[in-house]
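Take the given structure of chain A and dock chain B to it, following the hints.
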Amino acid sequence: MITRRDFFKKTAMGIAGAAIPLAALEIVDPKKLFAEIAAETTSVRWAFLVDTYKCVGCGLCVKACKLENEVPYDANVSRTWVERYVLTKKGKLYADSPKATRDGFTDAKIDQGADGLKDISSEGIEKAYFVPKLCNQCENPPCVQVCPVGATYQAPDGVVMVDRTWCIGCGYCIMGCPYGVRFFHPVYHTAEKCNFCYHRITKGLKTACVQACPFGARQIGNIKDPNDPVTQTIRTQRVAVLKSEYGTKPQVYYIGLDEEVR
Amino acid sequence: MKNHVLRPLIVVIGIVILILLARMVIVPKDFGIGQRGYMYSWHRHSNEEDWKKIKVKYQGKEYCKDCHPDKYDSINKTPHRIIQCENCHGPAIDHPSDPPKLAIDKSRALCLRCHYPLPYPTSGRSHIRSIDPEKHNPDMECSTCHNPHNPMEGLK
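Protein chains in written order, with numbering that gives the first Met the number 0: chain A, 0 to 261; chain B, 0 to 155.
Same shape as in the complex, but just chain B:
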């Protein structure tokens, strides 16, 4: 083969080898196809484990039960029993160690999520008792008069 053919050929082969070498270094060892082949499951398999390691923040009602039995029992006797503690108190994460205190959302906006009047047919919303926030004691926190853990007990 003539020199003018051979020289660029060597350069091209060299580049290909470099790319293959770089690929070997960069691509993780567990990168491969799964059950659904190249189209749907061509991925780094250890990423599934990465996602499983994310911290659970919302612990659920039963997590609160042992230390706050009074509140747990009280709310369970009322229509508010369907609401998770963390919906108003924020995610427990590792409470009581971290965070030691949970911020309580006492805003009117929180109660209005359900109790703002929206009489929509074919939605459960129309069955919830509601108030007009502009007429019903504006600028007052709902919990001033109503006990969220026992809304049926009457006004405070």
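The shape of chain A in the complex, shown without the other chains:
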């Protein structure tokens, strides 16, 4: 004899049991996983080369980047920027990047934030130069490691990208990047970063900043292709990367990098 109580209980348990998704019980097959990984292996690994001797600080790269990638033009955020370093004969270092260099450097005075503008006479300068900065597309990206939801990732060709539909805007990656290249997109409210103009490089075009640079200070290439001019330069000339001590293996190489550059 079944009671009403028993009937409801058993029905509820039956429905619950039937509702367990099959996917939840699936045991991952290592062979299938390895096949998936092999299918993703590519012969492309994007790398960037910056020649700081050639950069004149015109900022046309920043302008092109902002317009190409729809980064709000007047907001003080940018995927790429140019830094100016001025070392005086007295050994003092000044650096700035006004408005992320969107309008270039059209003033000899150096923006020192709250301390105002610093005027240095050209006789007092020991050395001075410009350093373009952008995402390093690290081989071991710390920003990706800290993402709690899998919204940021490294594509098979090495480019680190953000899934805007999946990003929850926690900001861990912005804090995690040692190079400070990430920021919040003022419109989408998600993490934003340089992705080497993924829509351009995958079509065989150069990135917007590389194309806009009149002086050839910026170059992009495939480091897995031994005949690529960028790969040739990285292999045969003296290049350096930023903050190599962090073990992130950055893939933006610099010619003429100095120790003052942070």
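Derived by calculation from the structure, the hints in this document are not laboratory data.
Among the clues, some could well be false.
Here are the simulated EDC-like cross-link-like pairs (lysine to aspartate or glutamate), alpha carbons at most 16 Å apart as the crow flies [said to hold, decoys possible]: (1) Lys105/B x Asp138/B; (2) Lys105/B x Asp102/A; (3) Lys108/A x Glu133/B; (4) Lys89/A x Glu122/A; (5) Lys108/A x Asp131/B.
Covered by chain A, according to a simulated footprint, are these stretches of chain B (three or more residues, beta-carbon under 8 Å) [claimed, not checked]: (6) 10-21; (7) 38-51; (8) 63-76; (9) 85-94; (10) 141-150.
In this text, a Cβ means the ideal position worked out from N, Cα and C, and glycines have one as well.
Here is chain B on its own, set in the frame of chain A:
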């Protein structure tokens, strides 16, 4: 098993099943690990395609060549040949259909990006000819006298 154990147990199992069900619905089908495993490539794979679909806006110099051969040829004979048309005229996008007209930036600030005097050693900037904007015809557009497509031809 006693009832007071069984009842909360059923509730807990129910919650777990609900979470698994919700997960199945919410997580996209192509979410998974890639070449670099959970640490570096745990993501929704179709997002790579999403990024590839972004519209190309800067078309490059060769895009302008066929309709504006005079300007293209003229600037290519001068030191300004290294400058892309779109650096001053703005991104072409789908010009001439959209936008039909490109806004020309004739501001002094645009020319000063390179021609403001910054005699910095070990930078290419120190080799560019420059003017002091406060002394050299202030309040006048550079293009009033200089032809940006042929800066060496002399004053207009």
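Structure versus earlier hints, numbers of those that do not hold, lowest first: 8 and 10
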